[in-house]
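Student: Sequence:
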Amino acid sequence: MRLHDPAGNRLYLNAEERAAFLAVAHRQPARDRTLCETLHFTRCRPSELMQITPARVDFCGGIIAIRSLRKREDTTGRAKVVHRTVPVLPAKKSRTSQP
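Take any residue in the sequence shown, note its place counting from 1, add 11, and you have its number in the numbering used here.
Because the hints were derived from the structure by calculation, they are not lab data. Since we're looking at a predicted model, the values are computed, not measured. Just so you know, even glycine gets a beta-carbon here, dropped at the ideal spot from N, CA and C. Where hints are given, some of them may not hold.
What the hints assert, rightly or not - Pair ranges (Cβ atoms, derived):
#1 A30 x T87: 43 to 49 Å
#2 E27 x P57: 16 to 22 Å
#3 L24 x V97: 14 to 20 Å
#4 Q62 x L33: 20 to 26 Å
#5 V97 x A41: 39 to 45 Å
#6 A26 x L46: 37 to 43 Å
#7 A41 x G73: 18 to 24 Å
Throw the hints in and build the complete structure from the sequences for me.
Tutor: Right under this line is the structure:
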């Protein structure tokens, strides 16, 4: 995993920046807050977040299946689709009841 891009810029947020991101997210409408929290807690890429559908969320099992957009090949050289499962934190009533 690379921590910096070719120009030397950091690719990831540090702990303080992540805390600030969540603090701002908690003041947003439910839809935006949910997107931000999903990005934060699953550590998925924004492009992967946009691929999540209701069918990929298992609330009873407590997981989200995230389709990896990285190009991978099977043993025959054909492109293959890879999903990784990520645990879902239980929703807090105070979070889900806000507008």
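Student: Hint by hint, which ones does this structure get wrong, listed from lowest number up?
Tutor: 5 and 6
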